[in-house]
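K.L.:
Residues 1 to 290 (UniProt numbering) are what the sequence shown spells out, left to right.
Quick caveat, the hints were computed from the structure, so don't treat them as lab data.
Remember, it's a predicted structure, so these values are computed and weren't measured experimentally.
C-beta: ideal position from N, C-alpha, C; glycine also.
Heads up, some of the hints might be wrong.
Stated by the list, open to error - In silico DSSO-like cross-links for lysine-lysine, where the CA-CA straight-line distance does not exceed 27 angstroms:
{"no.": "1", "residue 1": "Lys87", "residue 2": "Lys279"}
{"no.": "2", "residue 1": "Lys70", "residue 2": "Lys34"}
{"no.": "3", "residue 1": "Lys7", "residue 2": "Lys70"}
{"no.": "4", "residue 1": "Lys34", "residue 2": "Lys4"}
{"no.": "5", "residue 1": "Lys15", "residue 2": "Lys4"}
{"no.": "6", "residue 1": "Lys150", "residue 2": "Lys4"}
Said to hold, decoys possible - Just the calculated beta-carbon pair ranges, DEER-fashion:
{"no.": "7", "residue 1": "Ile72", "residue 2": "Ala133", "range": "39 to 47 angstroms"}
{"no.": "8", "residue 1": "Glu283", "residue 2": "Leu79", "range": "27 to 35 angstroms"}
{"no.": "9", "residue 1": "Asp275", "residue 2": "Asn17", "range": "46 to 54 angstroms"}
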Amino acid sequence: MNIKLLKAFVMLAQKGNYNEAAQALCITQPALSKQINLLESMLNIHLFSRGRHGAQLTPSGQQLLAEAEKVINQADFFLQHAARVAKGIEGFISIGFGLSTFYTAPHCIARFREQFPAVAITLEDIPSAQQYALLTHGELQIGFVRVPPKAPLHFHPLFEDRLVLVTPQDKALTLDAWLKNLPLLRLYTERGRGLNAQIDLFLQSNQLYAPAMQEVEDIQTILALVIAGIGVALLPQSVVHIAPPTMNVIALSGNNLSWQVGIAWNNTIPDLVRDNFIKMVIEHNRQNID
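Let the hints inform the model, and build the full structure from the sequences given.
P.N.:
What follows is the structure, given as structure tokens:
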């Protein structure tokens, strides 16, 4: 159905006069008459009776008027919605984050929602390696990840994270001494593959050795076990803020302590909402650097 014909029908019904309706539609009166005749021909219904007093709705026209107005309103709503989607101010975005962006990702989303409140957002804690796969297949729009991914994914660095030592007490011990006194707590490989690889690289390149290790499910459990005096942990500095104030955090020195953290996305898949999110994150990050 041609919406233009329905608009001509509704406007003529409202004005009751061909000349006034044509002026309101910014068309000529013959053009309006042609549109009404075409609509009546398509429907096989007389919509108006024409007389000295202009155009009056027939009983059939009266029955169809409300439905025509409804269709026009729906069409207008659709066009308005489509315009917002075309600008990326309405839609959906799925975001992944990891340990190093436990603080950063939620705060970026909060800022984005202030600018684009009509965008629906999901946020899920996913290891970087799994995020790369989801981004590649279009199942994730944005990933807060550690280290740059491989093509076809794009990456923008946000900050540099580094390992710190978390211990149950403030004692003047070296890292080597702590590792000999208490087990090194770390995540299961499936959950912390990237962090564990960084820890192993740090230990090996600095000729350090952990005689005892204990794997756990999540960071919160690691922190609880450290508080209980069951072990020590090497954690990203970015997640230390979730630790209790009584936790002892020790800065480290040596090789392979740090890594890049940023956002990744698949630029081969068009997505205006995603692009708006990336633009906001990059601009905010540059303002903080400046």
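K.L.:
Compare the structure with each hint and give your call.
P.N.:
To see whether the hints hold, each was checked on the structure:
1. Lys87 with Lys279: holds (13 angstroms)
2. Lys70 with Lys34: holds (23 angstroms)
3. Lys7 with Lys70: holds (11 angstroms)
4. Lys34 with Lys4: holds (12 angstroms)
5. Lys15 with Lys4: holds (16 angstroms)
6. Lys150 with Lys4: violated (50 angstroms)
7. Ile72 with Ala133: 39 to 47 angstroms: Roughly 46 angstroms apart at Cβ, these two residues keep to the hinted range, so it holds.
8. Glu283 with Leu79: 27 to 35 angstroms: holds (30 angstroms)
9. Asp275 with Asn17: 46 to 54 angstroms: This hint holds: roughly 49 angstroms between Cβ atoms.
Of the numbered hints stated above, the single one contradicted by the structure is hint 6.
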